[in-house]
Every structure is written in C-alpha cells, then in structure tokens.
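Asker: Sequence:
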Amino acid sequence: MSVRTSRRAVLKGALVLGALPVVGFTGDRRLSPIRSDPFTLGVASGDPSADGAVIWTRLAPNPLADDGFAGMPARGIDVEWEVARDEWFSQIEQRGIATAVPESAHSVHVELAGLRPGAEYFYRFRTGGHVSPPGRTRTSPDGGSLAPVTMCVASCANYQQGWFTAYRRLAEEHPDLVVHLGDYQYEYAASDKGVRAHAGPETVTLANYRQRYAQYKTDPDLQAAHAVAPWLAVFDDHEVADNWADEVPERPDPAFPRRRAAALQAYYENMPLRRSAVPRGIDMKLYRRVRWGGLATLHMLDTRQYRTDQPCGDGFRTNCDERELPSATLIGAEQERWLLNGFQRSRSRWDILGQQVFFSQVEFTPGPGRGFNPDAWDGYAANRERVVHGLVHSPVRNAVVLTGDVHSHWAAEVHARADDPLSPVVATELVTTSISSGGDGSDMRDDVAAVLPENPHLRYFSGRRGYVRARFDADEMRADFRVLPYVSRPGAEVRTGASFVVPDRAPALHSLA
Numbered sequence: 001m002s003v004r005t006s007r008r009a010v011l012k013g014a015l016v017l018g019a020l021p022v023v024g025f026t027g028d029r030r031l032s033p034i035r036s037d038p039f040t041l042g043v044a045s046g047d048p049s050a051d052g053a054v055i056w057t058r059l060a061p062n063p064l065a066d067d068g069f070a071g072m073p074a075r076g077i078d079v080e081w082e083v084a085r086d087e088w089f090s091q092i093e094q095r096g097i098a099t100a101v102p103e104s105a106h107s108v109h110v111e112l113a114g115l116r117p118g119a120e121y122f123y124r125f126r127t128g129g130h131v132s133p134p135g136r137t138r139t140s141p142d143g144g145s146l147a148p149v150t151m152c153v154a155s156c157a158n159y160q161q162g163w164f165t166a167y168r169r170l171a172e173e174h175p176d177l178v179v180h181l182g183d184y185q186y187e188y189a190a191s192d193k194g195v196r197a198h199a200g201p202e203t204v205t206l207a208n209y210r211q212r213y214a215q216y217k218t219d220p221d222l223q224a225a226h227a228v229a230p231w232l233a234v235f236d237d238h239e240v241a242d243n244w245a246d247e248v249p250e251r252p253d254p255a256f257p258r259r260r261a262a263a264l265q266a267y268y269e270n271m272p273l274r275r276s277a278v279p280r281g282i283d284m285k286l287y288r289r290v291r292w293g294g295l296a297t298l299h300m301l302d303t304r305q306y307r308t309d310q311p312c313g314d315g316f317r318t319n320c321d322e323r324e325l326p327s328a329t330l331i332g333a334e335q336e337r338w339l340l341n342g343f344q345r346s347r348s349r350w351d352i353l354g355q356q357v358f359f360s361q362v363e364f365t366p367g368p369g370r371g372f373n374p375d376a377w378d379g380y381a382a383n384r385e386r387v388v389h390g391l392v393h394s395p396v397r398n399a400v401v402l403t404g405d406v407h408s409h410w411a412a413e414v415h416a417r418a419d420d421p422l423s424p425v426v427a428t429e430l431v432t433t434s435i436s437s438g439g440d441g442s443d444m445r446d447d448v449a450a451v452l453p454e455n456p457h458l459r460y461f462s463g464r465r466g467y468v469r470a471r472f473d474a475d476e477m478r479a480d481f482r483v484l485p486y487v488s489r490p491g492a493e494v495r496t497g498a499s500f501v502v503p504d505r506a507p508a509l510h511s512l513a
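All residue numbers in the sequence shown are consecutive under full-length UniProt numbering, ending with 513.
Simulated from the structure, these hints should not be mistaken for laboratory data.
Note that beta-carbon positions come from the ideal geometry of N, C-alpha and C, so glycine has one too.
Treat the hints loosely; a few may be bogus.
[Said to hold, decoys possible] Ranges between beta-carbon positions, derived for each pair: (1) Ser36 / Ala474: 47 to 55 Å; (2) Tyr486 / Pro220: 16 to 24 Å; (3) Ser276 / Pro485: 49 to 57 Å; (4) Asp504 / Ala197: 32 to 40 Å; (5) Val501 / Gln91: 32 to 40 Å.
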C-alpha cells in the first residue's frame, strides 16, 4: 500500500494541499472497477499516539472468496480517506489517497500524524463510488496529562462457538481504547456442532487465513467494536495454530514455517497496526509500548514468537522440574530486557502489561500435591520471577497485568514471591473471559471451586462470556467484569459480575460487591 497525504490548513501551522474539496469526497475515481460495495469488512483504528493513530480498511466485495482476494482485481486500487473533528464530516482535518494493492490483500493502513493530543476524531474511506461506514478514533493525551482513560479488554472470539454479542455491548460502552489480547480468530475447519460454521478448511495457506479474517470481519458486532475506538492488539496462538511455541507446532509439521509466515502476513493485513509490525518471513515485531499521557504506559507483550516449548508436555498439568529452569522463557531474552528497561524508565502513574496467558501462579490440584498449567507463566517460573523482581526494583508506581486466553474471568493479586501468599502484593491481574469461545459457560465450575482454597490470591471467577471494563485515573483503577448470560443466540444483555478498585500506590483488590 502506498499513501499520498494532503492536510487541510488547521491549527499549529498545518499546510493546505487542497487536492480534494473542502466538504465531502471527490467524484468517482476512474481507475476503480469495483461495482459492489467493497467495504463489507468495516473500518478500524489502532495504536494511538499523541498526534495520530492508524486507520484501516480492506476492500472485499466478495469477502468469502476461496482465493483470499475477496473479489478484488489483481492490481492496485486508489482509496480516498478523510479524518474529521465531527461525525458529520463538516470539519475535515486531514484527507488523502492510499493505494490498496493485491500483495496486501487490498488492505489500507494509513498512519495519521499532526493531529491534536487527547482529541476525538472520525474517519472514513471511499473508492469506486462507495463510501465506508465511519469510524471513531482518538489520540492519546500529551505527556503530562493525567486525564482518565476507560479501556475495554477482550480476548478469544470463536465464530463457531457463539455470537459476538459481547463485542456489541463493548461498543456500547464507548471506551477510549480497546485492548485485544489474542485469539481474534480460530484456525479450525467448519464444525457441524457450532452455532454457526466457519467457511473453508482449517487455515493453513495465506488464502485460507485471508478468507477466515474476512468471515470474522463481516460480523456486525465485531465491526461495531472496531469502529468505536482505537485498538491495541496482540495475538496468541489461534491466529496461527493451537499451542505453538516459536518454531515448534503442537504436532510435528515440516510445513509449519510456511504456515506461520502466512498467518502473520494475514494478521498484519487485517489489523490496524503500524508499519513497524510488517512481517518479515516468519517473524513479526509485535511487542511495543504505548503511552497514554502521564497517566499510563501500556507494555504490549508477545508470548508466542519467542517462547521455549511448553515444559512437561502440552496441556499436562504437573509440578515438573522443567518449569523452574532459568533457560525456560515465555518472552525471550531480548523482549525481557526491553520490558525491564521500560520498568526502569517508567514515569507513569500506571504501568499496564497487555499480554496473553495467566501471569499469577494458579495451583490446580485440590488438597495434597501440586499442579500447574505449563502453557502459562507457571510453565516459565524463573522468567516470571525475573519480571516480578524487575518490577519491584523499579520506579513503577502501580502495576496491572491484563490477560486473556483462558475463556473465563479472574481477578488476582500478584505476590512478590509466587509460592508465598504472605509476601507483599506487588501488582494486580485482570483476566478477561472470552467473547464467545467455550459457548455460554457458567458462573462457577466444579473444578475451579475445588482449587480456590489453594489459591487465596484469586479473588473472583466467572465462566461466562464477556469482557473487562477498566477505568484508570490519577487516584485509582476500577475494574468491572462484564458478563453475558448466553452467546448461543444473539441479543444477550450485559451485566457486571463483580467490581474491584485498586487505589494509587496500594496494589490490592478491593471488592465493591
């Protein structure tokens, strides 16, 4: 995709390059052969900064085409975009032209710059006489601001296992930011046991992944969640394949490097990410830091591309010696150094880790004996200990870990020593349930109830679907665990299952129930 930008004369000396009229889009571009609506996948924005954000769309008049090109011709298509201060687009701030090319599945990533900090904007796209639905985005505040931020945290949306009503309810919250922690889509072939079916086979090729993303993005509830606020997104395993660890697939597969490269390419094409995330072969730089004024720094982690293989067998819960090895790593040496250096340089009121798998220790064996999940930080105990040590011995004032993956809500307190519940609480963890994965779920499960006495630091559980709504200000963080009674049919209302407050400089969960 190439981008040619013109900016309207506005505040702070911006230049006028009036390639487009002041109000509305130009007439039809002669180069576009598109006859039917190409904006079937909606719009999105992401990775906000103090002066901009990424705005995204992908042209797809036939989104479920088996070849992955969604009915688009094998050549570049010009797409006009514009950004306004108001939802009626009467106050245009910026506009320009991007060229959507087949090599990127005709996706468009425009990196906006020169906007006002801490401001709300609206954006849209146009090509071939068709206009996209509008999206709402915002820039982060400037460096010294302690203005509050409300974010919604989501994870794990399996199209086959439930309706995406939780995305709709999330959009109705009108958050400032959406943090998505992975399993945005699932690789599985169609199942006749679901509430609706995947199109195509299990995703292996680039065409498969492009088709699967297109199917998910035709969902109107997901489109609403993308259109309401900028996203910060990281992947977990199902964006590629179940339970992969760096170059090690769950099952032996000589073709896995090709599959991984295809999956990461499709992930970039379909998410509102900056150019710094463009994949290079099997690698993609996804971990990054995003600052929200002086209030918060979000450290977005990647726990898949750099991890050593899960110890003691995938999914087998045991207190094996391998989980204690210093060489076992979930985030890799380079990312670990980057994270610890970020702690040392912190000047924010809140430091937030956006990551995929359970950070707190969870003992899964009731009564005598011990058992842990090796596919979480419990499988990499030394790596977690180094992160906690770096956090404690740093200027970090308040630490919050945001987690997905496990298809259930949890609220947890992170202790300085995971095996010592009497050691100081140094952070809190908010684990969001799934959007739909796992079906309707239940308020409590027998296996969880049996182990809660072994885990006094775990303060809340719900097996329902939903998301977490978290509001950060200068004095406290409030977390509301939002739950839906069902996803097996559309239209469920949302309620708050539990609420907690964490005061400034007091890392413990205070229940509001």
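Asker: Confirm or reject each hint.
Answerer: Consistency of the hints with the structure:
At roughly 50 Å, the beta-carbon separation of Ser36 and Ala474 lies within the given 47 to 55 Å, and the hint holds. Taken as a hint, the range 16 to 24 Å holds for the pair Tyr486 and Pro220, whose Cβ atoms sit roughly 18 Å apart. Checked against the given bound of 49 to 57 Å, the beta carbons of Ser276 and Pro485, roughly 41 Å apart, lie outside it. In this structure the supplied range 32 to 40 Å is violated for Asp504 paired with Ala197, their Cβ-Cβ distance being about 48 Å.
About 38 Å separates the C-beta atoms of Val501 and Gln91, a value consistent with the hinted range of 32 to 40 Å.
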